[in-house]
Structures are given as structure tokens and as C-alpha cells.
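Each chain, letter by letter, is given below.
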Amino acid sequence: MSAVEDVVTEAPAVEAVPKRAMTLGLGTSLVVLVALLIVPLFVKNFIIFQLTMLLIYGLAVLALNILTGGSGQFSLGQSAFYAVGAYTSAILIEYTGMNYALTLPIAGLICFAFGFAFGQPALRLSGVYLALATFALATAMPQILKLGFFEHWTGGVQGLVVTKPDAPFGLPMSQDMWLYYFTLAITIGIYIASVNLLRSRSGRAFMAIRDNEIAASAMGVDVALYKTLAFGVSAGITGVAGGLGAIAVQFVAPDSYTILLAISLFLGMVVGGVGWLPGSFVGAAFIIFVPNIAEGISKGLSGAVFGVLLFLVIFLVPHGARQVAIVAQQLIGKLKK
Amino acid sequence: MRSAIIRSAAFWTALVTFAATNGSALAQKKYDTGATDTEIKIGHIVPYSGPASAYGVIGKTEEAYFKMVNENGGINGRKIKFVSYDDAYSPPKAVEQVRKLVESDEVLVVFNPLGTPSNSAIQKYLNAKKVPQLFVATGATKWNDPKHFPWTIGWQPSYQSEGLIYAKYLMKEKPDAKIAVFYQNDDFGKDYLKGLKDGFGAKASAIIAEESYEISEPTIDNHIVKLKASGADVLISITTPKFAAQTIKKMAEIDWKALQIVANVSASVGSVIKPAGFENAQGLLSAAYAKDAADPQWKDDAGMKNFFALLDKYYPEADRLNSSVVYGYGAAQTLTRILEMCGDDLTRANIMKQAANLKDFTPDTLLPGVRINTSATDFAPIEQLQMMRFKGEKWDLFGDVISGEAATN
Numbered sequence: 001m002s003a004v005e006d007v008v009t010e011a012p013a014v015e016a017v018p019k020r021a022m023t024l025g026l027g028t029s030l031v032v033l034v035a036l037l038i039v040p041l042f043v044k045n046f047i048i049f050q051l052t053m054l055l056i057y058g059l060a061v062l063a064l065n066i067l068t069g070g071s072g073q074f075s076l077g078q079s080a081f082y083a084v085g086a087y088t089s090a091i092l093i094e095y096t097g098m099n100y101a102l103t104l105p106i107a108g109l110i111c112f113a114f115g116f117a118f119g120q121p122a123l124r125l126s127g128v129y130l131a132l133a134t135f136a137l138a139t140a141m142p143q144i145l146k147l148g149f150f151e152h153w154t155g156g157v158q159g160l161v162v163t164k165p166d167a168p169f170g171l172p173m174s175q176d177m178w179l180y181y182f183t184l185a186i187t188i189g190i191y192i193a194s195v196n197l198l199r200s201r202s203g204r205a206f207m208a209i210r211d212n213e214i215a216a217s218a219m220g221v222d223v224a225l226y227k228t229l230a231f232g233v234s235a236g237i238t239g240v241a242g243g244l245g246a247i248a249v250q251f252v253a254p255d256s257y258t259i260l261l262a263i264s265l266f267l268g269m270v271v272g273g274v275g276w277l278p279g280s281f282v283g284a285a286f287i288i289f290v291p292n293i294a295e296g297i298s299k300g301l302s303g304a305v306f307g308v309l310l311f312l313v314i315f316l317v318p319h320g321a322r323q324v325a326i327v328a329q330q331l332i333g334k335l336k337k
Numbered sequence: 001m002r003s004a005i006i007r008s009a010a011f012w013t014a015l016v017t018f019a020a021t022n023g024s025a026l027a028q029k030k031y032d033t034g035a036t037d038t039e040i041k042i043g044h045i046v047p048y049s050g051p052a053s054a055y056g057v058i059g060k061t062e063e064a065y066f067k068m069v070n071e072n073g074g075i076n077g078r079k080i081k082f083v084s085y086d087d088a089y090s091p092p093k094a095v096e097q098v099r100k101l102v103e104s105d106e107v108l109v110v111f112n113p114l115g116t117p118s119n120s121a122i123q124k125y126l127n128a129k130k131v132p133q134l135f136v137a138t139g140a141t142k143w144n145d146p147k148h149f150p151w152t153i154g155w156q157p158s159y160q161s162e163g164l165i166y167a168k169y170l171m172k173e174k175p176d177a178k179i180a181v182f183y184q185n186d187d188f189g190k191d192y193l194k195g196l197k198d199g200f201g202a203k204a205s206a207i208i209a210e211e212s213y214e215i216s217e218p219t220i221d222n223h224i225v226k227l228k229a230s231g232a233d234v235l236i237s238i239t240t241p242k243f244a245a246q247t248i249k250k251m252a253e254i255d256w257k258a259l260q261i262v263a264n265v266s267a268s269v270g271s272v273i274k275p276a277g278f279e280n281a282q283g284l285l286s287a288a289y290a291k292d293a294a295d296p297q298w299k300d301d302a303g304m305k306n307f308f309a310l311l312d313k314y315y316p317e318a319d320r321l322n323s324s325v326v327y328g329y330g331a332a333q334t335l336t337r338i339l340e341m342c343g344d345d346l347t348r349a350n351i352m353k354q355a356a357n358l359k360d361f362t363p364d365t366l367l368p369g370v371r372i373n374t375s376a377t378d379f380a381p382i383e384q385l386q387m388m389r390f391k392g393e394k395w396d397l398f399g400d401v402i403s404g405e406a407a408t409n
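Residue numbers (this note's numbering), protein chains in the order written: chain A, 1 to 337; chain B, 1 to 409.
Chain A extracted, bound-state conformation (with noise of 0.2 Å):
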């Protein structure tokens, strides 16, 4: 896990990633988004479902992504704010009827307020403490979502099954296809207001509070103020994230959100990268597609080759994929002289 004993440790390794380099260069994120745009024109429905999935998960990482990368917090808790924002999106569409798309941003404020209040308690604890806390929170929430006293809402054990909307306007495309671009559409402008916010006064004073708090205070940051800011807005997008999550799968249950969820969001992060946005992306896509991988090779010890894969991961690229981009980028540049 050298990847974030250097966040923890060792300020200046951060340091040595300037801003610019917490995101892509701009003709690189154009062919990505090229890409992004095009693929699901000429895929199976089941890989466009896939691919928005791993849109969705990709978000969820990014949240985790601001809080540790950003402010240097920990959580194993971003399956109980996942799970907030996917019961918030199922419960009104499904019982006010409201449209799918409103739910959204009412998830994504609920949230906001969930992890802005958990962030008050959190701030007297710091680095392993802190994730034990958040994990609380994460074994926590299935138990909370069965308690008789909310069933009525979210239906107990039995969890809610949602509709899936179809395309508006009548478009002429599948409802998987509609949902992509949809989740495509939120996940670049949340992409871009979190490039944004962490090249803003905010995200310095988020990194400011990573790499030393005591300086930070003493120039001025409200510590206090804007480690549980980064808690809210990690909490907010993840609850996004937790709603389109809900809309795409179509169902909600307890079970959906364990322990395990806010586990796979983590390794999402370190394979990724932390504290580099774009690797969130490639972090759900290793959470999504290397299981599966893993069940190729051997059925009845996928749990197995998985944990040797992701030793592989760790040991070879110990910055995850941040560290493959940069070395591609000297490649080129090389190959430019």
C-alpha cells in the first residue's frame, strides 16, 4: 500500500504532481471522450450496461479520490454514502413518482449533508482512526437499511426494484444506451467541477490540510471547516454516483452495499491512482473487469487469483495508474525528440 503511505508520510511525493498533473492533458481527455462517445454505437447493450457501470463506479472512486487525494482523509465508508444516494433516487421515483433525473441532485444533497455532518465527529480523528470510524459507518448501513422502523420506505430486506427510464424525446435508442449517455453527460460535468474545485482556493486549502495541517492553520485555512467540506462533497458526489447506481441495476437491497462495496471503491483508488482524477476511472474498471478475469482463470478460486492479480497491480505499479501514465508520457515525449 505504498501508495498511500506516500500520502500519509511523505508530503513532498505529492508535491512533486503539480496541479496540471492531477488530470489529463486536453488532447488527451479529447480522444478519451471521442471514444467515450463512440463505443456504445457499435456494442452489445450488455457492454454499454457495463460501461456505464464502470461510468458510475468511476464517480464513486473520484469522491474517494477528493477526500484522500485532495484532502488526505481517509473512509471505508463510501458504500454507506453510496447507498444513501441509491435509496434516496429509488424511494422517490418510485414512491412520489418523481422524475429520475430531479432525484439526482436531491440525492447528491442528501448526501452532501450526511457527510458534511459525519465530517464534524471525524475531525477529532485522523489516518487509520478515521478510516476505523468511516468503516463503522460502512458495516453500519445495511443494518440501518433493514430496521423495521424504515420498511415501509425501503422495503427491508426485500430492498425496492426500480423502473428504468426510457430514452426522452422519443429518441430512437435502447433504454442502455440512453442511460450511458445520460450517466456520461453527469459523470464529465462532475468531472470537470472536481478538476475545478481542486484548482480553486478550496482544493488548495484541501491540499494544503493534506500535506500539513499546522501550516495550513497558520496560514489561514479553516481546518476544521474544510476537512469536513471535503467529507460533504465526497459524500455528495458519491451519493450521485449511488442514485445512478440504483437506476442502472434497477434494484436496491441491503446487500448491495456492504462492507465489500466500500472496500472495492478503495482499491479503486490506489489502483488508479490517488489523488489523480483520471485514474478513477481506471480504478472501477479494474474493480469491475479483473474480477471477472479472475472467474476465467479458476472458477473455484477466482477470490484467489484476484487477490494475485491485484498483488501484481500494487507490486509492479506501486502509484497505480498514475505512475503508467506518466511513464507513456516520457515514452512520447521521447519519441517526439
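Everything labelled a hint here was simulated from the structure, so no lab data went into it. Treat the hints with care, as some may be off.
[To be verified] Below, computed lysine to any residue pairings styled on SDA-like, alpha-carbon distance capped at 20 Å: (1) A/Lys44 to B/Thr33; (2) B/Lys81 to A/Gly296; (3) B/Lys194 to A/Gln158; (4) B/Lys194 to A/Gly156; (5) B/Lys81 to A/Gly300; (6) A/Lys164 to B/Lys197; (7) B/Lys67 to A/Gly300; (8) B/Lys197 to A/Gly156; (9) A/Lys44 to B/Lys197; (10) A/Lys44 to B/Lys194; (11) B/Lys129 to A/Met173; (12) B/Lys124 to A/Thr163; (13) B/Lys129 to A/Thr163; (14) B/Lys124 to A/Trp178; (15) B/Lys124 to A/Ser174.
[Claimed, not checked] Estimated spans, in silico, between C-beta atoms of each pair: (16) A/Pro105 to B/Glu217: 35 to 43 Å; (17) B/Glu279 to A/Ile263: 39 to 47 Å; (18) A/Trp153 to B/Glu217: 22 to 30 Å; (19) B/Ser205 to A/Ile263: 41 to 49 Å; (20) A/Ala193 to B/Glu217: 50 to 58 Å; (21) A/Pro318 to B/Asn127: 45 to 53 Å.
[To be verified] From the structure, some residues in chain A lie toward chain B, with a derived Cβ separation under 7 Å: (22) Ala35; (23) Asn45; (24) Gln143; (25) Ile144; (26) Val157; (27) Gly159; (28) Arg199; (29) Val249; (30) Ala253; (31) Ser256; (32) Glu295.
Computed from a prediction, not measured in an experiment: that's the story for all the values here. Ideal Cβ positions, reconstructed from N, Cα and C, are used throughout, including at glycine.
Mind docking chain B on chain A? Use the hints.
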């Protein structure tokens, strides 16, 4: 010129005739995606990894069964291609894998998907796509709903019907019982509880205490102590194997001599009673629909001989004490039966029709007297169980096979 027209007319006539005859030959052989003259593609999901990975052996047993079917010539000359994926007991993963099966692997049916959450997640999708969700591996009652979900059919007795049977038994044998219920706080536990309460009906006040536990709790000792304090003389333990063993042991430790009924899922001698200690389990009650492979009374049973022969040849590393192996065998045999009944009409609609047309079918591993019956309005294949009492080192079946037909939704 004229002869050319005649020739071409003759040609077209011949072609049309040929097409017509060929068409009528084809009419007897009807296929949907996933079925051909040589192959039937069956999709399957089960948790091979994750918290419920213990159920993975069901998938392996079914794979072994179909391997045997194929080596014996297949079904009506067609080989079965069994495509089984891991859903890790996670609903989103289940949706992804099932979509892969239907859209990418193009299977004919999705067979025996396991777990109530996973099945709830894929039910709407499969019904919209009109792909059979055949013999789901969960005991929830909601699968028996042909009106709203004509493409979904269950297999094992529902938890509610089992709860109903215990209620019937207690009202008859111990009408003044003071009952404590200990259940797992999830769909499984709650469905059971509903069955019990429905069974008691107006006499539901006989249940004087209820306690639930979470599957993540390391020990359930305090719950048992609390239930003993309630003064109940019957304990109904709706628990999964690990917790059932703990319950039996704890009751002996604190010397609580109540009559205990343990849910069928935890009636396994190998994984529950033996770890809990045979001396602690004497007089324990439960109900069964399948034979226990660990029970010596089935040693010479023809059905179980087939079962052991399959394991010896195709799945030698299987744990014979594991009830999931028996389960997988029974489910796979039921599917094989359906496919045989379909003949050359391997359309999805016909498969559902045949699945709803089973009459008195008994797979090798079911108890004598338990029969699978389905109809267009009855999508609950197994509905009978037999009460049993633990004595010595094995279960003794007693009484008649009881039907627990639950009221449909």
C-alpha cells in the same frame, strides 16, 4: 424465350416446394436463442466468492451432473453447455452477470440463480426479456407469482410453507406451548416468521418471545439466555448452520430443556449437529424434503446410489455431508427432466410451459413421498416436507409427508 420462362417457372416452383417441405420439417424443431440441433446453452449464477461462497458447490455439482448427461449422449441428442458465473452474492454483480449470460453468451434459460437479493435484482429484467428464470435457489414465497412474473419459477419449499408446517405440528401436538422464536434478521428469517404466524393464525399469541440476530454477530449466546428467561418451553430456531450449531450448544450449556425446532437449512448432520455435539441434539425436531447423504438409511436407496455414482465419477472431491451437493443434484435433475419433456420444441415459452407441467416428479435425492407438482397457476414445485426427530446420530423421519402450500400472493 418461352422455354426460358417455363424453365424459370419450373425452377421457382421447385424452390418454393422445397422451401415449403423444408419449412414443415423445421416446424417440428423450434428453437429460441441458445438452442440448436446439437447444443442447449444453460446460464447459471451462484456465489463462488464472497460471504456466501459456501453455496458455490451447488454450481459445481450441477456442472458435474450435466457433464454426466453429456457423456451419456445428452438430451434428445443435444449436449448441454453449462455457463456458470460468479455473482459474489451481490445484486449489482448478479445483474451484470445475468445480462452477460443473456446478451453476450446468449443462453436459452437462466437456471437456479441463488439468493433472494440476487434474484429480486434480475427478476424484472428476465421477465421483460422473456427469458426463463428457472428454479430459483431461494425459499422466498414471492417467486410463486405466475400472474405478474410468468418467467420466474421456484424450486425448493418456500420458507413460509416450512414455517406453516411447524405451526401445524405444534398446534396439534403441543397446543399449550409457550413458544420463543429466534431468527436471522434478513429475508430468510422474516419470511419464515411470517409463515409461522400465518400458521398459528388466531393463536399467534402462543409466541411469547422473539429475538433476531445479524449474520455478522460472532456469537448469539446472549440472545439464547434472554429467550430462556422468557419462560418459553419451545424454541424455534430459524438460523443458518453456524448459528444453529451455536444455539444447540448454548441451550445445553445453560440447561434449557425446551423442545427445539431447527429450520431445514440447518438440519445438516455434518455441518450443524456434529459440531454442536450429538448428545446436545437428541430430540431435536426439523423437517426435510431431501435425503441426507450422511444418513446411513439411504445407503441402499436406488436414488442415492445414482447420486453417489455421479459424485464418484464426476465430482470426487465433493463433501458428501454437504447438503448443497444434494441440492444441486436435485435441481439439475429437474432441469434435465424439463428439457427432455420439451423434445424438439426448445423455445423459451415451451420451457416455461413444461416447467409448469410437472406431475408427480421425484428427483433421486428427494424423500419418498415428496413429489414435484406444478401447474399454470402453481409455480411452487416442492411444497411437501416431512417432520423428523434427531435420535442417536441421525434423523428419524416420522408422520406423513405434510403439504405446506402457502397462500399465494
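List in ascending order the numbers of the hints, as given earlier, that are violated by the structure. Violated hints (numbers, rising): 6, 9, 10, 20, 22, 25, 28; every other hint is consistent with the structure.
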